[in-house]
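Chemist: Each chain, written out:
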Amino acid sequence: MEKLRRAMMFVPGNNPGMLQNAGIYKADTVIFDVEDSVLVSEKDAARQLVHNAIKYITYPCEVAVRINHITTPYGRDDLAAILPAKPDLIRLPKAETAEEIREIDNIISEAEVRNGFPQGSIKMMAAIETAKGLMKAYDIASASPRMVALAIGAEDFLADLKTTRSPHGNELFAARSQILLAARAAEIQAIDTVFSNVNDEEGFIAETTRIKELGFDGKSVINPRQIKLLYKIFTPTEKEIDLAERVLAAYEEAKAKNSGVIALNGKMIDVPVVTRAERVISYAIALGLRKGGQ
Amino acid sequence: MAIVGIGQAGTLESSDIMVTISPSEGAMGIVLELQSPVVKQYGRHIEELIVNLVREQGLTDVKIFANDRGALDCTIKARVLTAVARSKEHHA
Chain G
1 MEKLRRAMMF VPGNNPGMLQ NAGIYKADTV IFDVEDSVLV SEKDAARQLV HNAIKYITYP
61 CEVAVRINHI TTPYGRDDLA AILPAKPDLI RLPKAETAEE IREIDNIISE AEVRNGFPQG
121 SIKMMAAIET AKGLMKAYDI ASASPRMVAL AIGAEDFLAD LKTTRSPHGN ELFAARSQIL
181 LAARAAEIQA IDTVFSNVND EEGFIAETTR IKELGFDGKS VINPRQIKLL YKIFTPTEKE
241 IDLAERVLAA YEEAKAKNSG VIALNGKMID VPVVTRAERV ISYAIALGLR KGGQ
Chain U
1001 MAIVGIGQAG TLESSDIMVT ISPSEGAMGI VLELQSPVVK QYGRHIEELI VNLVREQGLT
1061 DVKIFANDRG ALDCTIKARV LTAVARSKEH HA
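Those sequence lines, one after another, are chains G and U.
If you count the first sequence from 1, position 123 lands on 123 in the numbering used here, and the numbers rise without skipping.
Positions in the second sequence are counted from 1; adding 1000 to them yields the numbering used here.
Treat the hints with caution; some may be incorrect.
In silico DSS-like cross-links for lysine-lysine, where the CA-CA straight-line distance does not exceed 30 Å [to be verified]:
id: 1; chain 1: U; residue 1: Lys1088; chain 2: G; residue 2: Lys86
id: 2; chain 1: G; residue 1: Lys55; chain 2: U; residue 2: Lys1088
id: 3; chain 1: U; residue 1: Lys1063; chain 2: G; residue 2: Lys55
id: 4; chain 1: G; residue 1: Lys257; chain 2: G; residue 2: Lys291
id: 5; chain 1: G; residue 1: Lys255; chain 2: G; residue 2: Lys26
id: 6; chain 1: G; residue 1: Lys232; chain 2: G; residue 2: Lys212
id: 7; chain 1: G; residue 1: Lys212; chain 2: G; residue 2: Lys291
id: 8; chain 1: G; residue 1: Lys3; chain 2: G; residue 2: Lys55
id: 9; chain 1: G; residue 1: Lys255; chain 2: G; residue 2: Lys239
id: 10; chain 1: G; residue 1: Lys228; chain 2: G; residue 2: Lys267
id: 11; chain 1: G; residue 1: Lys86; chain 2: G; residue 2: Lys26
id: 12; chain 1: G; residue 1: Lys255; chain 2: U; residue 2: Lys1063
Hints listed in this document are in silico derivations from the structure and should not be mistaken for laboratory results.
Produce the complete structure using the sequences and hints provided.
Modeler: What follows is the structure, given as structure tokens:
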């Protein structure tokens, strides 16, 4: 089953207190940020801090680093400083072309060889934050086998679109749909944007419910408080888990018997139904509602 | 190696350490002044960590002022290395 990335929590890269506690909030992924949350004059300090945090602190979750864009004066230095610490994932902001992804892929490959890391062990994801990037979403998503997810960065995207964020989110509907389609076509995950008003729980729940319905795998979050709320929405009900288990059991049974057609309670079970059931079970395991290895 | 510039990194926030490295007056070796709320328990460990790091960076005659706010070793290391790099930048 694929790695769950329901909550990807941003952590400012130049804040030691936040970096050392980042692992306690049960986010699926922590994203140490050396981009927007770090002043230009502190980029060097943030790189060192993030490098050493990854190297010496054991995090119970996936560790990603959001680097500065590769065309800025900081992107290459970010990679040079951070890759030797072996983050699990590099997140590129403001992705606009497949070439950028391939360029970073090459830099990561060289670093893996230099540091003796297994080839392909450092993954990548990219955030689409401009109309130009959105037009190339599929190319970006499929530019490298390292790519595991495509995200949307709403604030920059809406500024580019010359509009603002609304409670109903209509202004993001087209972009979210396109990103989801591109990610699915490239067989990678789709991650929604941050919800920046941490005091508006109702708004966060409404938005998260919407993006889950659309098919998103998870959401970037900026505050630990949002994680619990998000997981509640991404939690399958006991009824759903029970049904998924029965579907998988029927599927396994049919496979063992070399039976082509499977039915459960008179309903035909085909591959999409099995895939959906696997997804429900992977959420149930991640949430401790079922034991792993089933 | 001695330096002519001053390098500073870190903040006075909790879990951080502010490290200031400046040129020493003459060949005085590495002179460290450490302030820390945990100086009794970990003072010697922090001092050794800082001095060894500075030495590894090729510096022999510098003054270091470290104001610790309960930083982990990895934070101390990051701040010292940044301060050293910044002092060398100023030198260049």
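Chemist: Taking the numbered hints from earlier one at a time, note which ones the structure violates and give those numbers from smallest to largest.
Modeler: Violated hints: 5, 10 and 12; rest satisfied.
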